[in-house]
Amino acid sequence: MNTVDTFARNKRNKRLLIVLVLLAAGFYAGIIILMGLRG
Amino acid sequence: MSDKHSHSHHDHDHHQGHDHGHANDHHDEHMPTGLNRWVFTTNHKDIGTLYLVFSLIMFFLGGSMAMIIRAELFQPGLQFVDPQFFNSMTTVHALLMVFGAVMPAFVGLANWLIPMMVGAPDMALPRMNNWSFWILPFAFSMLIITLFLPGGAPAGGWTLYPPLVLQTGDAFPFMVFAIHLMGASSIMGSINVIVTIMNMRAPGMTLMKMPLFCWTWLITAYLLIAVMPVLAGAVTMLLTDRYFGTSFFNAAGGGDPVLFQHVFWFFGHPEVYIMILPAFGVVSQIIPTFSRKPLFGYSSMVYATASIAFLSFIVWAHHMFTTGMPIAGQLFFMMATMLIAIPTAVKIFNWLATMWKGELTFETPMLFSIAFVLLFTIGGFSGLMLAIAPADFQYHDTYFVVAHFHYVLVPGAVFAIMAATYYWLPKWTGNMYNETIGKAHFWSSLITINILFFPQHFLGLAGMPRRIPDYPTQFADFNMISSIGAFLFGASQLLFVWAIFSSVNGKQKATSQVWDGAEGLEWTLPSPAPYHSFSTPPVIK
Chain U
9 MNTVDTFARN KRNKRLLIVL VLLAAGFYAG IIILMGLRG
Chain W
2 MSDKHSHSHH DHDHHQGHDH GHANDHHDEH MPTGLNRWVF TTNHKDIGTL
52 YLVFSLIMFF LGGSMAMIIR AELFQPGLQF VDPQFFNSMT TVHALLMVFG
102 AVMPAFVGLA NWLIPMMVGA PDMALPRMNN WSFWILPFAF SMLIITLFLP
152 GGAPAGGWTL YPPLVLQTGD AFPFMVFAIH LMGASSIMGS INVIVTIMNM
202 RAPGMTLMKM PLFCWTWLIT AYLLIAVMPV LAGAVTMLLT DRYFGTSFFN
252 AAGGGDPVLF QHVFWFFGHP EVYIMILPAF GVVSQIIPTF SRKPLFGYSS
302 MVYATASIAF LSFIVWAHHM FTTGMPIAGQ LFFMMATMLI AIPTAVKIFN
352 WLATMWKGEL TFETPMLFSI AFVLLFTIGG FSGLMLAIAP ADFQYHDTYF
402 VVAHFHYVLV PGAVFAIMAA TYYWLPKWTG NMYNETIGKA HFWSSLITIN
452 ILFFPQHFLG LAGMPRRIPD YPTQFADFNM ISSIGAFLFG ASQLLFVWAI
502 FSSVNGKQKA TSQVWDGAEG LEWTLPSPAP YHSFSTPPVI K
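Chains U and W, in that order, are what the protein sequence lines are. So for the first sequence, our numbering puts the first residue at 9; every next one is plus one. So for the second sequence, our numbering puts the first residue at 2; every next one is plus one.
Some hints could be false.
[What the hints assert, rightly or not] Below, simulated SDA-like cross-link-like pairs (lysine to any residue); rule was C-alpha separation at most 20 Å, straight line:
{"#": "1", "chain 1": "U", "residue 1": "22", "chain 2": "W", "residue 2": "223"}
{"#": "2", "chain 1": "W", "residue 1": "440", "chain 2": "W", "residue 2": "364"}
{"#": "3", "chain 1": "U", "residue 1": "19", "chain 2": "W", "residue 2": "508"}
{"#": "4", "chain 1": "U", "residue 1": "22", "chain 2": "U", "residue 2": "33"}
{"#": "5", "chain 1": "W", "residue 1": "294", "chain 2": "W", "residue 2": "353"}
{"#": "6", "chain 1": "U", "residue 1": "22", "chain 2": "W", "residue 2": "43"}
{"#": "7", "chain 1": "U", "residue 1": "22", "chain 2": "U", "residue 2": "34"}
{"#": "8", "chain 1": "W", "residue 1": "294", "chain 2": "W", "residue 2": "518"}
{"#": "9", "chain 1": "W", "residue 1": "210", "chain 2": "W", "residue 2": "69"}
{"#": "10", "chain 1": "W", "residue 1": "440", "chain 2": "W", "residue 2": "496"}
{"#": "11", "chain 1": "U", "residue 1": "19", "chain 2": "W", "residue 2": "43"}
{"#": "12", "chain 1": "W", "residue 1": "542", "chain 2": "W", "residue 2": "522"}
{"#": "13", "chain 1": "W", "residue 1": "210", "chain 2": "W", "residue 2": "402"}
{"#": "14", "chain 1": "U", "residue 1": "22", "chain 2": "W", "residue 2": "129"}
{"#": "15", "chain 1": "U", "residue 1": "22", "chain 2": "W", "residue 2": "522"}
{"#": "16", "chain 1": "U", "residue 1": "22", "chain 2": "W", "residue 2": "185"}
{"#": "17", "chain 1": "U", "residue 1": "22", "chain 2": "W", "residue 2": "226"}
{"#": "18", "chain 1": "W", "residue 1": "210", "chain 2": "W", "residue 2": "128"}
{"#": "19", "chain 1": "W", "residue 1": "440", "chain 2": "W", "residue 2": "517"}
{"#": "20", "chain 1": "U", "residue 1": "22", "chain 2": "W", "residue 2": "518"}
{"#": "21", "chain 1": "U", "residue 1": "19", "chain 2": "W", "residue 2": "303"}
{"#": "22", "chain 1": "W", "residue 1": "508", "chain 2": "W", "residue 2": "431"}
{"#": "23", "chain 1": "U", "residue 1": "19", "chain 2": "W", "residue 2": "199"}
{"#": "24", "chain 1": "U", "residue 1": "19", "chain 2": "W", "residue 2": "128"}
{"#": "25", "chain 1": "W", "residue 1": "510", "chain 2": "W", "residue 2": "433"}
{"#": "26", "chain 1": "U", "residue 1": "19", "chain 2": "W", "residue 2": "496"}
{"#": "27", "chain 1": "W", "residue 1": "294", "chain 2": "W", "residue 2": "204"}
{"#": "28", "chain 1": "W", "residue 1": "542", "chain 2": "W", "residue 2": "199"}
{"#": "29", "chain 1": "U", "residue 1": "22", "chain 2": "W", "residue 2": "132"}
{"#": "30", "chain 1": "U", "residue 1": "22", "chain 2": "W", "residue 2": "128"}
[Stated by the list, open to error] Sample of chain W residues at the chain U side, in silico, Cβ under 8 Å:
{"#": "31", "residue": "233"}
{"#": "32", "residue": "238"}
{"#": "33", "residue": "240"}
{"#": "34", "residue": "520"}
None of these hints come from the bench; they were simulated from the model. Because the structure is a prediction, the values reported are computed rather than measured. Just so you know, even glycine gets a beta-carbon here, dropped at the ideal spot from N, CA and C.
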């Protein structure tokens, strides 16, 4: 197993990755929904 | 999360990673060669190099467009290009420089430096790291080929205001998709920075012991995650307005074009701090080294960076004073904007206090850093002038604005990137660069950048609008001076490439410390830095 695989198995990294991706996705959907609701 | 808490976890993970890592360190030394090394790389140094080289290419491409702009503006009248193409040049120049040159350069520096600075073997998410880089060449190819499409490249300005931008020809969806890809790349890059800094620090490396470059990048990464999706949302809404019959920004359908400006600048203003905060980090590393003193006011630097980041979210409408806004709105955005001067001044004074009574020497990185402090401050002051709502009615959309943001971005962000390149180049290549060429590059850049941009203040104050290919004869003299400065500045950048090659092919080997005043984990590694930085995590006391 190389360094990259070791990293890929790191649960804390994976958890933070998922949280941050969801955050970004939330901002993306959020701004469109907010602007859509405005009218 | 408290530091103590994060550390107990952290140590555990790190040692685990280390045990595995050790067994196959030798395996990793068999790295692929040739093209495969670069296409499939998951190594932070290789990816950092890819980002930096890509950024340099975009810098020259965007720069050549600037040369076309300045050639056309050399004299009044239409000389070389038609107005539509001129507008494409201003638009694509801006998009290439912002998203292709400045941002990838800082992501490249983050890739190279953050793992070394926090004592990690690599970035936390190496495969995603590869992906976030390799998206970029496709994104920018897509943007650049629009120059050859019917209707030409986007020409509505990088701010993409509707309804003008909706008149773009076939290039429109290409531009929107390119911006989506650039945004995805930036978001993945920032996630990697955050995860690396939060989870991969060496034992004892508490947050408040991190080098300032890591701090400024951590804060920048959060800014990116907050605002890149907003830009993506804005261009998505433009796309649906044009092709799917929505009316987000279409007044005829009940929408509002000014709404776009609010959404765009909610992204756009933090974006300018995204481009300058890592520059602050770079300068905060370099000035202490060549002053042979620790950075003055470390914690105030961290808090100032965080304050600037917070304020960047509540000032966006200062770009829109002339759209018609209630007086209370104007006052709020004016005052909030002026508040930014406080944490920024904290930084400037801290750098000056670091130099005060230091044992200064003036190698190329230090020269660029001092020029950064002086010239960025000029850009900051003209920013304060623009923040004054009643005065902005005169300055708005004039060359004064062009002078302002170029002072912030070129002798600001770009000089910091150059300072960083000279500072860490010996660590990257293992050889010193040629100091004579470096200094020639610095002085020629310093003089010509002021010839290029300082007269633009006068043009703006006299009323010359931005984004025009022709102008009345009253503006002729300063435009000619500015264009001469531009050609000379462009030519000076060839010295930068020469200096970089002088290090790549250098004869004088660099020591691991490189600069006698340098402090930080990256200087404990040999030069050139080994392929995997810290397979054994260093312990920070």
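Each hint, compared with the structure:
| no. | hint | result |
| --- | --- | --- |
| 1 | U:22 - W:223 | holds, 17 Å |
| 2 | W:440 - W:364 | holds, 8 Å |
| 3 | U:19 - W:508 | violated, 45 Å |
| 4 | U:22 - U:33 | holds, 16 Å |
| 5 | W:294 - W:353 | holds, 12 Å |
| 6 | U:22 - W:43 | holds, 17 Å |
| 7 | U:22 - U:34 | holds, 18 Å |
| 8 | W:294 - W:518 | holds, 8 Å |
| 9 | W:210 - W:69 | violated, 46 Å |
| 10 | W:440 - W:496 | holds, 10 Å |
| 11 | U:19 - W:43 | holds, 19 Å |
| 12 | W:542 - W:522 | holds, 12 Å |
| 13 | W:210 - W:402 | violated, 38 Å |
| 14 | U:22 - W:129 | holds, 12 Å |
| 15 | U:22 - W:522 | violated, 26 Å |
| 16 | U:22 - W:185 | holds, 18 Å |
| 17 | U:22 - W:226 | holds, 17 Å |
| 18 | W:210 - W:128 | violated, 28 Å |
| 19 | W:440 - W:517 | holds, 19 Å |
| 20 | U:22 - W:518 | violated, 38 Å |
| 21 | U:19 - W:303 | violated, 29 Å |
| 22 | W:508 - W:431 | holds, 10 Å |
| 23 | U:19 - W:199 | holds, 13 Å |
| 24 | U:19 - W:128 | holds, 15 Å |
| 25 | W:510 - W:433 | holds, 6 Å |
| 26 | U:19 - W:496 | violated, 47 Å |
| 27 | W:294 - W:204 | violated, 25 Å |
| 28 | W:542 - W:199 | holds, 19 Å |
| 29 | U:22 - W:132 | holds, 16 Å |
| 30 | U:22 - W:128 | holds, 12 Å |
| 31 | 233 | holds, 5 Å |
| 32 | 238 | holds, 6 Å |
| 33 | 240 | violated, 11 Å |
| 34 | 520 | violated, 27 Å |
When each numbered hint is compared with the structure, violations occur for hints 3, 9, 13, 15, 18, 20, 21, 26, 27, 33, 34.
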